[in-house]
Amino acid sequence: MEYSADLLTANQSPARFHDTLKAFVAPVAKATDAVASDPVALRVAQAVCAAFGDSGGSNGMTRSELAAACSNAVSVAAFERRFDLFVEMGLLRRYAEKPHQQRYMIHPVSVTALLVYGRLEETNGVEEIMLLLDRAHRDLDAGTMTREALIEQITTVKRNLSIMADHLLYLAEDRPWEELVAEQSQHRSAKALLDKASSLVGAAGERFPELLSSGTGRRLVDEALRYFNAVNAFYSRLLAQASASRDFSMLSPEQYLSAASYRSRGELAVPLARTVFDPASMLLPAERLVSAVEKYRPAPPRRRPPRPPDSSSDQDPVAAAREREQTKRVVMEAEMELHLQGGDEADLTSRIRGAGWRGAARIVTDALLANADPGIPVTVDLSDALIVDAAGPVSHVTPMTLRRSPAASVRDDDATFAEAPRA
Amino acid sequence: MPDPLPLARMRALRLVAVPWAEEELALLQETATTAGRRLIDVAGDHGARALMLGWPADVDPMAVLGADGEDLPGATPTTCLVLAACIGCCWPDPDAPLLPGKPVPENQVLDALASFTRPGRPVSESLRTRQAHWKSAIRRLRACGFLVPEEEDSLIRLGPALAGWGDADVRHLRDRHADLPRLVGEPA
Chain P
1 MEYSADLLTA NQSPARFHDT LKAFVAPVAK ATDAVASDPV ALRVAQAVCA AFGDSGGSNG
61 MTRSELAAAC SNAVSVAAFE RRFDLFVEMG LLRRYAEKPH QQRYMIHPVS VTALLVYGRL
121 EETNGVEEIM LLLDRAHRDL DAGTMTREAL IEQITTVKRN LSIMADHLLY LAEDRPWEEL
181 VAEQSQHRSA KALLDKASSL VGAAGERFPE LLSSGTGRRL VDEALRYFNA VNAFYSRLLA
241 QASASRDFSM LSPEQYLSAA SYRSRGELAV PLARTVFDPA SMLLPAERLV SAVEKYRPAP
301 PRRRPPRPPD SSSDQDPVAA AREREQTKRV VMEAEMELHL QGGDEADLTS RIRGAGWRGA
361 ARIVTDALLA NADPGIPVTV DLSDALIVDA AGPVSHVTPM TLRRSPAASV RDDDATFAEA
421 PRA
Chain V
1 MPDPLPLARM RALRLVAVPW AEEELALLQE TATTAGRRLI DVAGDHGARA LMLGWPADVD
61 PMAVLGADGE DLPGATPTTC LVLAACIGCC WPDPDAPLLP GKPVPENQVL DALASFTRPG
121 RPVSESLRTR QAHWKSAIRR LRACGFLVPE EEDSLIRLGP ALAGWGDADV RHLRDRHADL
181 PRLVGEPA
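These protein sequence lines map, in sequence, to chains P and V. All the letters of the first sequence, read from the start, carry residue numbers 1 to 423 under the working numbering. All the letters of the second sequence, read from the start, carry residue numbers 1 to 188 under the working numbering.
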């Protein structure tokens, strides 16, 4: 829709702004064509104003300097068309009233007028009422406002609000929707205006209580409330139409942001309750899953490998055991030979009795082990007698005789692994 | 004559009941074929069956939708891992069909994921934080139909979008079934 482009910007269309300017100038106009219909006219004045503002000099500017400075904003032809009119009407003044003077200055009133036109373009005069309220409040606080001046201010604001409210109600009730759309950016401060009016009336009541009793303050608040309600009626019709046509450009981006921040999910869902959506979907092939699993799977627990066999020695453990057993047998046989002293028989009783308990035990044990080992050619005889010597190193001894026996041939296996009985 | 409205309804609802009348079913199939789509018979819990709109076997959805194979919107590693864990837990027998699978408690899926950590995640990221991400992924998978929307029992159930996978996809998963995240002690 064509109006949509204007909705998110505060600017009015050129034709509509021309109507606004005509209505603005009408009180002092001499003819109906007092306001130029070409929107470029205003742009030339704004360019001239900008040129003076940017020049930085205090000696004014020549016509050619001005034309050059405005060339970025407007065409040379447009500038030339407007220049003489600006001089004639006093927007541009000669720097000195001399015929040869070619330097010009801009009139400060024209600068103010451009600011007013700019505000008209954006706010259609509602901001002026706000300023009037602010100024009255400020003067009241400063104590410079007389009762009469205050009444005059309040009356002026009340009348203006009444006109604004009537205008809005006229639009809301009788005019095509497109006109409402064009006007809708002008009345977004209704709540603020109502608050300012109430605040001014409250402050006025404190300073001049009779204003409240006379109803002057109440009438201002009533009119502000009427304007507020008119704005609501105006927007209700706008939004009803926008809702029916699902036009999301009806509200400003700030209003959507505010709604997103402060409204509940249910409230936000209402406008889309009858809208059909595709369900949420996602393209997710199976191979993507497997890739993710492979990439992010936990590392397998680390296990210490078994210690490798000691390869530094190539000795056969069985052979080593046989060797140790053989060494042991040789030692034991040598001990038995020591007891026999080369003879065939030896009585070990006296040696046992003199060796103390520890030595006695070793002699008896070795002799019995040698007796049990078929590889050692000795036998042991134990007597049935018991020698008791309470004062000796060994108090109780059984007489023991060691004898040499004929050598026996012993197989290696028997010699190595024969289990030696304990004594 | 093909009627586009049932097709639009199926697209918006994702699943529709199988029509009782054979003529109606045939018309629906004809409409889908005309639109370059196919009907997929989706098995639900307790033997329930429904129809879903899918792509013909010889059509690559990613090519049709202009998706880049490397950058699939929403298919984040976390989402992929969570769906792999859901399948690993809900599909204990790879010889059985993928759907409808076995409903499992959400905790079982979360526990199966406990040992999976994305590289680059800070060491300080607690299990609770990771679980929050996984639960978020579960909600996303439910919204996209890969899991059934949450029911009163809060169990995880495999969703109809998995029925859109072709035979090659399912075979690929079956081959790698032992690698899917699942609880230790659960059958692989």
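Read the hints as simulated data drawn from the structure, not as lab findings. Keep in mind that a hint or two might mislead.
[To be verified] Listed next, the in silico BS3-like pairs over lysine-lysine satisfying Cα-Cα at most 30 Å (straight line):
(1) V:K102 / P:K30
(2) P:K22 / P:K191
(3) V:K135 / P:K295
(4) V:K102 / V:K135
[Stated by the list, open to error] Derived, one-sided and incomplete: chain V residues facing chain P with beta-carbon distance under 8 Å:
(5) W55
(6) G145
(7) P149
In this text, a Cβ means the ideal position worked out from N, Cα and C, and glycines have one as well.
Point to revise | Minimum beta-carbon distance criterion (8 Å), V:W55 to chain P | key: Violated, about 11 Å.
Point to revise | Hinted pair V:K102 and V:K135, Cα distance within 30 Å | key: Given pair V:K102, V:K135 holds - Cα atoms ~19 Å apart, limit 30 Å.
Review point. Has the given pair, V:K102 with P:K30, been kept, meaning a C-alpha gap of at most 30 Å?
Key: violated, 89 Å
**Study point:** Pair hint V:K135 and P:K295, alpha-carbon separation not exceeding 30 Å
**Key:** At roughly 21 Å apart (the allowed maximum being 30 Å), P:K295 and V:K135 satisfy the hint.
Review point. Taking 8 Å as the limit, does the beta-carbon of V:G145 come near enough to a beta-carbon in chain P?
Key: At about 7 Å, which falls below the 8 Å cut-off, the nearest Cβ of chain P leaves the hint on V:G145 intact, so it holds.
Check your understanding: Are the Cα atoms of P:K22 and P:K191 separated by 30 Å or less?
Key -> holds, 29 Å
**Study point:** Hint check: 8 Å Cβ-Cβ cutoff, V:P149 to chain P
**Key:** Given a least distance of 10 Å, the restraint on V:P149 is violated.
When the structure is compared with the earlier hints, violations turn up for hints 1, 5 and 7 and for no others.
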